[in-house]
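Visitor: Keeping their order, the protein sequence lines are chains L and A.
Residue numbering for the first sequence follows numbering that gives the first Met the number 0, starting at 0 and increasing by one per position.
Residue numbering for the second sequence follows numbering that gives the first Met the number 0, starting at 0 and increasing by one per position.
Since the hints were derived computationally from the structure, they do not count as laboratory data.
Hints should not be assumed to be uniformly reliable.
Far from chain L, some chain A residues (derived; all Cβ distances over 12 Å) [as the list claims (entries may be wrong)]: (1) 41; (2) 44; (3) 48; (4) 203; (5) 213; (6) 267; (7) 284; (8) 291; (9) 329; (10) 348; (11) 351; (12) 355; (13) 359; (14) 378.
Simulated coverage check for chain L against chain A, where a stretch passes if three residues somewhere in it have a Cβ under 8 Å from a Cβ of chain A [to be verified]: (15) 31-42; (16) 108-121; (17) 158-165.
Backbone N, C-alpha and C fix where the C-beta goes; we use that ideal spot for every residue, glycine too.
Spelled out, the chains give:
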Amino acid sequence: MKRLGVLIGASLLASCAVVPTTAPAGQFETESQFSVNLPSDWSRWPSQINPATNGEYLTKDGMLLNRLHFITVADGGTIVRTFRDSEAPVFQADASEFELIELVTRSLEQVGYNSVEADDIRPAVIDGEDGLRFSVTGNWENGLNVRGDVAVVTLDDELNVILFMAPAMHYYGELQSEVDTIISSMDLAAN
Amino acid sequence: MFARSELLMLTASLAVLAGCATTDQGTRTVGERPQELNSTEASLWYRMDEAEENLRSSGRVIDDPALTGYVDALVCRIAGEFCPDVRVYVVNNPGFNAMMAPNGMMVINSGLLLRAESEDELGFVIGHELVHYLENHALEQHAAARNANITAAVVGSVLSIGVAAATGGVPGQGYSGSGASIATALAYGGAYAYSRERESEADRMGLQLASAAGLDPKAGPKIWNDLLNELEASDDNRRAARANRGGMFRTHPVIQARIEALEEEAASMQGEPADSIAFRAAVAPFINDWLDAEIALRDYGSTLQLIERRIAAGGHEGVFLAAKARVLGMRDDEGDFDHALETYEAAAAYADMPAQAYRDLGELNRRAGRPAEAAEAFTTYLQRVPDARDALLVERYIQTLMGESE
Ligand SMILES: [Zn+2]
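The following block holds chain A by itself, in its conformation from the complex (with noise of 0.2 Å):
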């Protein structure tokens, strides 16, 4: 996998043993599937064919020909004569992800596309993905765990719990649906936490085949330092923690020596950045309700680092900058108020400011004590969307502002 996990129990031993008893499984060929059906091999595809299909039937994948159409004609580019093998779905999760199946179902995380500012990031993540597939990493790991008399059933359990629960479902839990993001990152973490080698391996491999499709290799580095600097402006302690800590998710020496190799590889290697316009095309009309994903989480910390880091790099400003200050108006610190009107005001001069920040905006000023603002950011939007599903309860307060303000 990509983020978010590099540790579990199973792989610390598993880690250790890999030196003992060979696991290399070679590389792939075009169009390989099992040859044995009753090998665990072969079981292993089936259990990833039908979480494969219950993804599909989930509702979570985003089933947007002008999207799909984009990140296909990318995994295409990157993944060469490989492109028939591998599916991708692009899937509504505000988690900072990326995996690979080993039947070749890859999944996107709407978090990533979120954070990713170009095509040469996101073709630098689909890089390192295509590496875990075509280097057979998933079935090393589960051969250096039969290595580690780890059986099959329970990597099987593992994996199976671990992709439900990345595709949207828990088995075994009947009703409750799947948990958290993150405990959904942990569960497939469990799965697919590749040793730190594999992952030096798809860091360094999946620069390459990037940098082969045309793609800027400094892409690599940066999509790493940038989710650095989001998880160390992060101000709920666990995920501060979580960049912190040593164990289960990367440490800062972990994130920052990876960093550092993905530099010194970038650095002998050909690209130029990608013009973004087809990247910022197939987003852009997802970005804003990526952003509400995220803001839903409430760390306005690093949610406010991510919308400034995206603010400067430009590119659905309109959208950015009314997220911002959503998030400031929220967050309601010292000078937060005023900061979020001129952002408003700031964002206004774009036209893909969504008709949604005049509400926010009504908002704003309502709870600041400013009923004819109020009224008037509240009209605008009620003009600009008259049908609303809220429009109800704008309209009541729309009333109610009237005669306060009168």
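Just chain L, same shape as in the assembly (with noise of 0.2 Å):
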């Protein structure tokens, strides 16, 4: 009876907070149209927690040092999560790569990151489909350098991506290699 009012009191906590939780390795369905593999447990934190843009994250050492971005947007959404009478680069399901190179940039300038550049851009096979990979620098609003790997795929209509930002300096290279296994990894819901 005591161990059911835990429960319930846990599942009336989880329905009204919503608070980071563990990422566990292995499968991992994101909210988005695709799931990974995690070689590692990471912490969560799912879309409603984040403020300045649609998807989830998952982090190692906290949102400053790594970050793992996984988003679906759909035809005319966005990245940048849009308030009344904001405005932001929005995915059209026509774009070309070169846009949606500029979609990711652009976008990542609207939430924190300055100049930001996409650099090694290499076409990428993506659980079947041609997808895009490129990695980007630039710096976190407080003038630290940070670099990203970013991989991004049209399905239906609907871009997947997934995009990790650390800073350049130690956190980026303590991941990278451990990044690409995920990017490797992506599962597209609709295959």
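Mind assembling these two chains? They're in different frames, but the hints should get you there.
Guide: Spelled out as structure tokens, the structure:
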């Protein structure tokens, strides 16, 4: 009886307060239209608690030190979370690959990053679909140099994005290969 | 502030109450700083100094000696003896906006420089912002708030949120960063949404300052008129609504009245159009990047209106024509493809057409199923920018297209 009470309490809590939870190593179902395989444990920040963007985040050491962003953007949708009267770069299903790169870099420039540039842009096959991989560099709003890795693939008029960002010094390099593994494991729901 | 916000609830109540108690803070003197260290003015000043420090290290400021040197000199020409008290920052932000803080920090958005056609227009905006500063409008607003029993803490927090948003960070949100550009304008609109009377005063006296500096006062009504046309051409429902709706943002009658008042005042003032050679040279290296940021917002109607206006005005023709072609290609309405092709051709006649236009022309042809033309344009792009960041991608396109066109 006591135990049941705890369970009910826990489920009530889960429904009214959204907090970071653990995303254990193994298959991870994102809120987006794809799943990935995590080599190790991460902490998960669901979309409800991310005020600046749509989609959810995973982090190892805190959002400022490393963040892995998963998002599926519908036609006409945005990466940046928009409010009434707000403007943000828009995804359109017929966007060229050049425009997809622009969408990602310009969106990052609206959520606290500055001087964001794409680099090492290369075609990539993601879960059997033609996608794109590239890296980004820029500064966080306090001037800190940051680096990132991006994978984008359009399927059924939706854009699936994995976006890793971390300070260029130490933090980026520390997780780069794990992130690479995660990106390679991307499993699109529609496939 | 210059644009995009007129009234928040707070300001609405301030405007009503401004009539009940005097809030006139007089006019500033050169080098003036708050005397009493625990006054509200000093605390406002301190917050602004902090915000300025954050802005400076944010990476958001365009740090180009030629551009900042030009803007600084123009500000000094208009501000006269107040020149040493004012510090200007040009910030990467596609929104049409400028702001002035009571500690002497002036922020000019890249979106404003993209839209201004001349030194005269930029000079009017600078004059307008300087009046808010010289006439202590922020402090008056603050005093009005106090009279209205809105506590300094409330105003202070609105102000600091506003400035943080304007300068790229949202306090208390930790990792999240700033919101979108309009959200930003809204946030600092909350702090700097001056009453209509103060805006009129800033318009009128700003025009006088610009005219006294030898600039053409007719640029004042023109820049507002251009903005109105742009808002009306918007195919974004939210933006169109902004131009039409009463309340938060300027309504048509308000903009219209403002334009009319400015036209009337300008008619009685001296000043001839400046040659804008120095202005154009200072912004030239950035126009393409600023246009990219504007195009990313995907409001083809207002962006095309802006571009057409700039093409008609002359200057940076290769850049604006290439941007027009790109937007037409993206919009892809009936006839847009042919129009885009013609426009790329017209752009290529100008030396300042960005090399990126060849890539965009390649993409336009690729999508239209014209592999030979696409491959040719992509090849030209790689010849012009051999170390392009997207070279691998473009090379793959060329290979595929060559196969198709054989
Ligand atoms: Zn103003």
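Visitor: None of the hints should be skipped; say for each whether it holds.
Guide: Okay, the hints, checked on the actual structure:
With a least CB separation of 26 Å from chain L, residue 41(A) remains clear of the 12 Å interface cut-off, as annotated. Distance check for residue 44(A) against chain L: the nearest CB is about 23 Å away, which clears 12 Å, and the non-interface claim stands. Every CB of chain L lies more than 12 Å from the CB of residue 48(A), the least distance being 17 Å, so the non-interface label holds. For residue 203(A), the shortest C-beta to C-beta distance to chain L comes to about 28 Å, beyond the 12 Å cut-off, and the non-interface label holds.
With a closest Cβ-Cβ approach of about 36 Å to chain L, residue 213(A) is found to remain outside the 12 Å limit, as its non-interface label requires. Once the 12 Å rule is applied to beta carbons, residue 267(A) is consistent with being away from chain L; the minimum gap is 37 Å. Distance check on residue 284(A): its Cβ is at least 15 Å (rounded) from any Cβ of chain L, clearing the 12 Å threshold; non-interface status holds. Against chain L, the non-interface label of residue 291(A) is violated: not every CB pair exceeds 12 Å, the least being about 7 Å.
A beta-carbon of chain L is positioned within 12 Å of the beta-carbon of residue 329(A); the least distance is around 7 Å. A cut-off of 12 Å between C-beta atoms confirms that residue 348(A) is not in contact with chain L; the least separation is 24 Å. No beta-carbon of chain L is positioned within 12 Å of the beta-carbon of residue 351(A); the least distance is around 20 Å. The Cβ of residue 355(A) does not lie farther than 12 Å from every Cβ of chain L; its closest approach is about 9 Å, which violates its non-interface assignment.
Under the 12 Å C-beta cut-off, the non-interface status given to residue 359(A) relative to chain L is violated; the minimum distance is some 7 Å. Consistency note on residue 378(A): stated as away from chain L, and its beta-carbon is indeed over 12 Å from all of that chain's, at 16 Å minimum. For the segment 31-42 of chain L, the stated coverage by chain A is not satisfied: 0 residues place a CB nearer than 8 Å to a CB of that chain, which falls below the threshold of 3. With 13 residues carrying a beta carbon less than 8 Å from a beta carbon of chain A, the segment 108-121 of chain L meets the three-residue requirement, and the given coverage holds.
Taking a C-beta to C-beta cut-off of 8 Å, the segment 158-165 of chain L contributes 0 residues in contact with chain A, too few for the three needed, and the coverage statement is violated.
In summary, the numbered hints that this structure violates are 8, 9, 12, 13, 15 and 17.
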